[in-house]
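Enquirer: Take these sequences, add in the hints, and give me the full structure.
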Amino acid sequence: EGTWSRYETDIAVARVETDENIKKRKKRLKKRLSNEKLTRYEKTRLQQKEYLLNRASLKSFEYKNGYIILNLIRPDKTVKLFFKKGI
438 EGTWSRYETD IAVARVETDE NIKKRKKRLK KRLSNEKLTR YEKTRLQQKE YLLNRASLKS
498 FEYKNGYIIL NLIRPDKTVK LFFKKGI
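No gaps in the numbering here: position 80 of the sequence shown is 517 in our numbering, and each next residue is one more.
Keep in mind the hints are simulated off the structure, nothing from the lab. One should not assume that every hint holds.
What the hints assert, rightly or not - Pair ranges (Cβ atoms, derived): (1) Tyr478 <-> Ile506: 30 to 40 Å; (2) Lys468 <-> Lys501: 36 to 46 Å; (3) Leu475 <-> Pro512: 19 to 29 Å; (4) Arg477 <-> Glu499: 36 to 46 Å; (5) Arg477 <-> Thr455: 11 to 21 Å; (6) Arg482 <-> Asn458: 12 to 22 Å; (7) Phe519 <-> Glu473: 23 to 33 Å; (8) Arg469 <-> Ile448: 29 to 39 Å; (9) Tyr504 <-> Lys468: 36 to 46 Å; (10) Leu475 <-> Gly503: 41 to 51 Å; (11) Leu470 <-> Asp513: 47 to 57 Å; (12) Pro512 <-> Arg465: 20 to 30 Å; (13) Phe519 <-> Arg477: 38 to 48 Å; (14) Asn502 <-> Tyr478: 43 to 53 Å.
Unchecked claim - Once the Cα atoms are required to be at most 20 Å apart in a straight line, the calculated SDA-like pairs of lysine to any residue come out as: (15) Lys468 <-> Arg452; (16) Lys521 <-> Arg511; (17) Lys461 <-> Gln485; (18) Lys480 <-> Arg462.
Just so you know, these numbers come straight off a predicted model, no measurement behind them. Virtual Cβ for every residue (Gly too), placed ideally from N, Cα, C.
Expert: Written out as structure tokens, the structure reads:
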């Protein structure tokens with residue numbers, strides 16, 4: 438569940454922050470972050486998870502040579518997923 442925005446003939450952006458699973462995860466992370474008993478390391482890890490969740494809820498796709506390409510950028514690597522319409 439989410440929304441698509443088309444910017445040009447070859448670029449589209451998908452926003453899935455309205456998805457129920459994303460909303461529940463964000464709410465759960467905010468609740469855990471509000472706990473005053475967390476160590477600074479635990480708090481940092483939770484903030485990193487929240488950051489990655491925010492980044493994951495926005496995806497950009499490009500269309501090139503008949504393929505829809507999704508670039509997943511992670512802290513340690515970049516992954517390109519190629520999708521082609523089946524016949």
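Enquirer: Now look at each hint and say whether the structure bears it out.
Expert: Hints, verified against the model:
{"no.": "1", "hint": "Tyr478 <-> Ile506: 30 to 40 Å", "verdict": "37 Å, holds"}
{"no.": "2", "hint": "Lys468 <-> Lys501: 36 to 46 Å", "verdict": "41 Å, holds"}
{"no.": "3", "hint": "Leu475 <-> Pro512: 19 to 29 Å", "verdict": "21 Å, holds"}
{"no.": "4", "hint": "Arg477 <-> Glu499: 36 to 46 Å", "verdict": "39 Å, holds"}
{"no.": "5", "hint": "Arg477 <-> Thr455: 11 to 21 Å", "verdict": "32 Å, violated"}
{"no.": "6", "hint": "Arg482 <-> Asn458: 12 to 22 Å", "verdict": "20 Å, holds"}
{"no.": "7", "hint": "Phe519 <-> Glu473: 23 to 33 Å", "verdict": "46 Å, violated"}
{"no.": "8", "hint": "Arg469 <-> Ile448: 29 to 39 Å", "verdict": "35 Å, holds"}
{"no.": "9", "hint": "Tyr504 <-> Lys468: 36 to 46 Å", "verdict": "40 Å, holds"}
{"no.": "10", "hint": "Leu475 <-> Gly503: 41 to 51 Å", "verdict": "49 Å, holds"}
{"no.": "11", "hint": "Leu470 <-> Asp513: 47 to 57 Å", "verdict": "24 Å, violated"}
{"no.": "12", "hint": "Pro512 <-> Arg465: 20 to 30 Å", "verdict": "22 Å, holds"}
{"no.": "13", "hint": "Phe519 <-> Arg477: 38 to 48 Å", "verdict": "41 Å, holds"}
{"no.": "14", "hint": "Asn502 <-> Tyr478: 43 to 53 Å", "verdict": "45 Å, holds"}
{"no.": "15", "hint": "Lys468 <-> Arg452", "verdict": "23 Å, violated"}
{"no.": "16", "hint": "Lys521 <-> Arg511", "verdict": "23 Å, violated"}
{"no.": "17", "hint": "Lys461 <-> Gln485", "verdict": "17 Å, holds"}
{"no.": "18", "hint": "Lys480 <-> Arg462", "verdict": "16 Å, holds"}
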